[in-house]
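Participant: Let the hints inform the model, and build the full structure from the sequences given.
If you read the protein sequences in the order shown, they are chains A and B. Start counting at 1 in the first sequence, then tack on 146, and there's your number in this note's numbering. Start counting at 1 in the second sequence, then tack on 146, and there's your number in this note's numbering.
No wet-lab data here; the hints were simulated from the structure. Just so you know, even glycine gets a beta-carbon here, dropped at the ideal spot from N, CA and C. Some hints here could point you the wrong way.
As the list claims (entries may be wrong) - Interface residues of chain B toward chain A, partial, derived using beta-carbon atoms under 10 Å:
| no. | residue |
| --- | --- |
| 1 | 166 |
| 2 | 177 |
| 3 | 179 |
| 4 | 243 |
| 5 | 284 |
| 6 | 439 |
| 7 | 443 |
| 8 | 456 |
| 9 | 471 |
| 10 | 472 |
| 11 | 484 |
| 12 | 537 |
If you want the building blocks of each chain, they are given just below.
Number of protein chains: 2
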Amino acid sequence: MERINVGLIGFGTIGSGVVKLLEDSRGIIRERVGAEIVLKKIADKDTERDRGVEIESGLLTQDVSEIIDDPEIAIVIELVGGVDAARKFILKAIEKGKSVVTANKALLSACGGEIFEKAVKSGVDVGFEASVGGGIPVIKALKEGLVANRINSIYGIINGTANYILSEMTHEGGRFEDILKKAQKKGYAEADPTYDVEGIDTAHKLAIMINIAYGASIKYEDIYTEGINGVTSLDIAFAKEFGYRIKLLAIAKEVNGRIEARVHPTMIPADSMLAAVEGVYNAVHISGSAVGSVILYGKGAGMMPTASAVVADVIDICRNIKKGISGRVSPLSYLQENISSIDLREIEDLEVPYYIRFSAIDKPGVLSKISGVLGNHNISISSVIQKDRKIGEVVPVVIVTHQAKERELLAALNDIDKMDVILEKTKYLRIEEKLGSDS
Amino acid sequence: MERINVGLIGFGTIGSGVVKLLEDSRGIIRERVGAEIVLKKIADKDTERDRGVEIESGLLTQDVSEIIDDPEIAIVIELVGGVDAARKFILKAIEKGKSVVTANKALLSACGGEIFEKAVKSGVDVGFEASVGGGIPVIKALKEGLVANRINSIYGIINGTANYILSEMTHEGGRFEDILKKAQKKGYAEADPTYDVEGIDTAHKLAIMINIAYGASIKYEDIYTEGINGVTSLDIAFAKEFGYRIKLLAIAKEVNGRIEARVHPTMIPADSMLAAVEGVYNAVHISGSAVGSVILYGKGAGMMPTASAVVADVIDICRNIKKGISGRVSPLSYLQENISSIDLREIEDLEVPYYIRFSAIDKPGVLSKISGVLGNHNISISSVIQKDRKIGEVVPVVIVTHQAKERELLAALNDIDKMDVILEKTKYLRIEEKLGSDS
Numbered sequence: 147m148e149r150i151n152v153g154l155i156g157f158g159t160i161g162s163g164v165v166k167l168l169e170d171s172r173g174i175i176r177e178r179v180g181a182e183i184v185l186k187k188i189a190d191k192d193t194e195r196d197r198g199v200e201i202e203s204g205l206l207t208q209d210v211s212e213i214i215d216d217p218e219i220a221i222v223i224e225l226v227g228g229v230d231a232a233r234k235f236i237l238k239a240i241e242k243g244k245s246v247v248t249a250n251k252a253l254l255s256a257c258g259g260e261i262f263e264k265a266v267k268s269g270v271d272v273g274f275e276a277s278v279g280g281g282i283p284v285i286k287a288l289k290e291g292l293v294a295n296r297i298n299s300i301y302g303i304i305n306g307t308a309n310y311i312l313s314e315m316t317h318e319g320g321r322f323e324d325i326l327k328k329a330q331k332k333g334y335a336e337a338d339p340t341y342d343v344e345g346i347d348t349a350h351k352l353a354i355m356i357n358i359a360y361g362a363s364i365k366y367e368d369i370y371t372e373g374i375n376g377v378t379s380l381d382i383a384f385a386k387e388f389g390y391r392i393k394l395l396a397i398a399k400e401v402n403g404r405i406e407a408r409v410h411p412t413m414i415p416a417d418s419m420l421a422a423v424e425g426v427y428n429a430v431h432i433s434g435s436a437v438g439s440v441i442l443y444g445k446g447a448g449m450m451p452t453a454s455a456v457v458a459d460v461i462d463i464c465r466n467i468k469k470g471i472s473g474r475v476s477p478l479s480y481l482q483e484n485i486s487s488i489d490l491r492e493i494e495d496l497e498v499p500y501y502i503r504f505s506a507i508d509k510p511g512v513l514s515k516i517s518g519v520l521g522n523h524n525i526s527i528s529s530v531i532q533k534d535r536k537i538g539e540v541v542p543v544v545i546v547t548h549q550a551k552e553r554e555l556l557a558a559l560n561d562i563d564k565m566d567v568i569l570e571k572t573k574y575l576r577i578e579e580k581l582g583s584d585s
Numbered sequence: 147m148e149r150i151n152v153g154l155i156g157f158g159t160i161g162s163g164v165v166k167l168l169e170d171s172r173g174i175i176r177e178r179v180g181a182e183i184v185l186k187k188i189a190d191k192d193t194e195r196d197r198g199v200e201i202e203s204g205l206l207t208q209d210v211s212e213i214i215d216d217p218e219i220a221i222v223i224e225l226v227g228g229v230d231a232a233r234k235f236i237l238k239a240i241e242k243g244k245s246v247v248t249a250n251k252a253l254l255s256a257c258g259g260e261i262f263e264k265a266v267k268s269g270v271d272v273g274f275e276a277s278v279g280g281g282i283p284v285i286k287a288l289k290e291g292l293v294a295n296r297i298n299s300i301y302g303i304i305n306g307t308a309n310y311i312l313s314e315m316t317h318e319g320g321r322f323e324d325i326l327k328k329a330q331k332k333g334y335a336e337a338d339p340t341y342d343v344e345g346i347d348t349a350h351k352l353a354i355m356i357n358i359a360y361g362a363s364i365k366y367e368d369i370y371t372e373g374i375n376g377v378t379s380l381d382i383a384f385a386k387e388f389g390y391r392i393k394l395l396a397i398a399k400e401v402n403g404r405i406e407a408r409v410h411p412t413m414i415p416a417d418s419m420l421a422a423v424e425g426v427y428n429a430v431h432i433s434g435s436a437v438g439s440v441i442l443y444g445k446g447a448g449m450m451p452t453a454s455a456v457v458a459d460v461i462d463i464c465r466n467i468k469k470g471i472s473g474r475v476s477p478l479s480y481l482q483e484n485i486s487s488i489d490l491r492e493i494e495d496l497e498v499p500y501y502i503r504f505s506a507i508d509k510p511g512v513l514s515k516i517s518g519v520l521g522n523h524n525i526s527i528s529s530v531i532q533k534d535r536k537i538g539e540v541v542p543v544v545i546v547t548h549q550a551k552e553r554e555l556l557a558a559l560n561d562i563d564k565m566d567v568i569l570e571k572t573k574y575l576r577i578e579e580k581l582g583s584d585s
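Facilitator: Structure follows, in structure tokens:
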């Protein structure tokens with residue numbers, strides 16, 4: 147039986163999962179692929195720590211070059227994370243004619259273009275299923291399963307930490323800060339949760355999906371990104387009252403031939419499938435020109451789900467190696483020469499319904515003033531909630547609008563926030579009434 | 147640009163969708179695959195009918211051999227349906243060295259083994275993504291995306307007609323027969339709905355998924371199959387009361403090293419993701435050893451969703467042709483020599499909670515008698531509902547049991563149905579409390 151040697155760089159949680167899964171699935175891989183995948187070397191700075199998985203002595207090294215310079219190693223799995231070192235390792239491995247598997251969304255959304263181009267030139271493959279949605283085969287769906295479709299839209303819940311926090315705020319109640327602490331205790335949020343709660347991790351993943359869907363070369367900085375750190379329990383409660391749930395969504399849409407890309411807390415109908423995605427689960431709702439709506443759901447993170455995606459990529463590449471080929475499917479499922487830079491739509495051009503929460507002094511005529519300004523900016527009101535009447539005190543006035551232009555909304559709020567009766571900066575959230583083409 | 151010739155056998159609804167999609171996605175295919183897929187010939191008995199898609203004159207023939215014998219045609223798409231003719235066409239095409247794409251689940255679940263073996267020997271590929279779940283890339287997920295996993299269980303809502311009828315019964319109310327008629331009027335059910343309502347179509351698709359998941363060669367007749375024609379609005383109502391929904395499920399599970407395979411109306415928790423799959427939508431819940439629960443959701447039928455899967459397969463094969471290879475992934479994702487026949491678990495060995503509805507004369511002591519017999523057969527009761535007390539008349543007595551053995555249940559019901567106070571054959575439905583490993 148053919149033996150294919152693999153080297154692993156990065157022996158952290160996911161790395162340990164990969165080592166375990168390569169061992170566990172040895173039999174399955176033999177039966178399904180007809181090959182023996184041999185983990186020949188693991189490189190990690192820390193060669194002492196016990197990861198709870200057994201490895202042969204001599205397998206672990208601190209020296210990455212023992213992997214990259216080993217001509218017998220055909221596939222390098224990069225799981226160090228971060229951008230600079232990972233980029234260097236991957237580019238070197240590609241130079242040496244090795245295929246690469248990575249889960250590194252930060253890297254790919256920053257310099258995927260460089261890596262993919264080099265891989266195609268060197269005649270090697272790059273697998274990155276694990277970079278979006280953990281074990282959910284969403285990259286493969288975009289690159290292969292839905293290949294005959296133009297992608298009309300993508301809506302993703304692709305950050306488990308943010309979704310866990312919003313789910314807890316919705317069902318258990320509580321403030322963002324407290325639930326974040328709980329999430330950190332449970333291991334659902336990292337000590338530094340910035341990437342997760344500020345939407346950056348979600349933007350990384352969205353950039354990757356957009357580049358596949360549209361043969362593009364955008365970077366995550368190009369994407370309008372807003373996190374969940376501003377979502378209050380008041381907004382969560384009002385969302386429920388209007389029949390919505392608040393989710394941190396990654397959104398990509400083709401609108402009049404241009405691509406809209408944004409990450410922000412979004413109100414979606416409470417009875418939509420995505421609203422039912424709770425806790426650390428992920429889901430991606432893809433609308434294709436032929437297929438209509440497809441939703442892929444599962445665990446978007448964690449040791450074994452992520453390892454499942456990494457090893458699937460390794461097996462994919464092994465199947466190529468067994469046939470003596472590479473580049474059967476281009477990294478982004480578009481031939482490299484057809485990758486083009488695209489201009490994303492400005493967020494000010496967005497046109498959706500909005501949820502707006504004013505902190506206003508409760509006195510007669512306030513609502514009339516607010517709605518007057520909105521009207522001047524062509525924003526029409528769908529419904530209003532003003533509870534807890536306390537004449538002379540500050541109360542939340544909540545308005546849901548019909549479809550409106552973000553540019554107009556911002557201008558209106560600028561005017562409104564100057565009013566004497568408005569005591570805090572007005573808060574707004576975007577609403578998506580329809581997810582996908584037909585749901 | 148490389149041109150790859152394709153022949154289509156069967157110009158019905160799906161065939162027309164494929165013709166349309168090949169035309170619509172010409173640009174995408176060029177950009178993604180770097181090839182021109184040319185539809186060289188279409189064979190259909192009916193060369194007159196207008197399908198609403200434009201084709202060049204001379205493209206349509208009644209003579210299948212114009213496709214099968216044309217050495218320039220590399221891929222044959224079989225969409226005639228049925229078993230005998232389709233089998234003949236496919237085997238001949240394979241003999242002639244052509245790869246094949248089919249949506250024919252009846253055929254594959256009856257003689258997939260023969261077709262796959264021949265394809266491997268002849269060095270061609272067989273694509274059948276469209277045979278299960280329409281446009282949802284579930285076959286690719288099982289064969290590739292989740293390849294590193296042992297499959298613990300599969301739960302599928304994979305017949306849109308049956309799901310539409312059950313959804314309507316649940317939300318709109320009404321009798322099975324009336325809603326079936328409505329479904330037929332809307333085009334959601336065929337004139338002869340046997341395959342759909344009796345669960346046969348679901349069993350076809352389950353057989354295909356099992357053969358991929360376990361490298362097996364079972365046929366659909368091996369699967370215990372029960373349709374939805376016996377589901378009454380009374381059962382639908384009681385299900386709701388107990389916090390369940392009734393769905394026609396395809397179930398495969400590994401239990402103590404053996405595979406359990408069954409198709410039947412099933413009560414599942416109302417708050418599970420599968421319970422939210424309404425109307426003609428399909429969903430497949432796969433539990434893998436590493437990945438945990440993954441759910442794939444979308445349109446399981448219809449012209450364009452099915453065409454999306456067919457053309458994805460065609461493109462997959464084109465990507466192989468461009469690289470000069472075939473058989474990169476075996477038809478069932480197991481090497482042909484590792485396909486083994488498996489003995490499915492007997493339905494009598496099943497152990498699940500049951501919903502049991504007795505038609506009993508309402509008189510004191512009836513419940514005690516019934517529960518006595520159940521107790522004698524080691525069946526313990528979780529809850530009981532007996533409504534509409536009408537002494538001396540027939541009332542439904544509904545019992546939900548704890549986990550019980552089907553063999554014991556059948557023996558108990560056999561005893562109970564002999565009682566004087568029981569006026570109709572007792573009805574039971576199986577309950578699945580937990581779908582997947584972790585949901």
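Participant: Minimum Cβ distance from residue 537(B) to chain A below 10 Å?
Facilitator: 42 Å, violated
Participant: Holds or violated: the hint that residue 484(B) contacts chain A, with Cβ atoms closer than 10 Å.
Facilitator: Holds. Min distance 4 Å.
Participant: The hint names residue 439(B) as touching chain A; please verify it with the least Cβ-Cβ distance against 10 Å.
Facilitator: 6 Å, holds
Participant: Can the hint on residue 472(B) be confirmed by a CB-to-CB distance to chain A that is less than 10 Å?
Facilitator: 9 Å, holds
Participant: Is the interface hint for residue 166(B) satisfied, with its Cβ closer than 10 Å to some Cβ of chain A?
Facilitator: 9 Å, holds
Participant: Hint validation: residue 177(B) versus chain A, beta carbon distance must be below 10 Å. Holds or violated?
Facilitator: 4 Å, holds
Participant: Is the hint on residue 456(B) kept, meaning its closest Cβ partner in chain A is under 10 Å away?
Facilitator: Holds. Min distance 8 Å.
Participant: For the restraint on residue 179(B), tell me whether the closest CB of chain A is nearer than 10 Å.
Facilitator: Hint on residue 179(B): holds, closest Cβ of chain A at ~8 Å, below 10 Å.
Participant: For the hint on residue 243(B), does the least C-beta distance to chain A fall short of 10 Å?
Facilitator: 17 Å, violated
Participant: Hint check: is the beta carbon of residue 471(B) less than 10 Å from a beta carbon of chain A?
Facilitator: Residue 471(B) check passes; min Cβ-Cβ to chain A is 4 Å, inside 10 Å.
Participant: A closest beta-carbon separation below 10 Å is what the hint needs, so does residue 443(B) meet it against chain A?
Facilitator: 4 Å, holds
Participant: Holds or violated: is there a CB of chain A closer than 10 Å to the CB of residue 284(B)?
Facilitator: 9 Å, holds
Comparing the model with each numbered hint stated earlier shows that hints 4, 12 do not hold.
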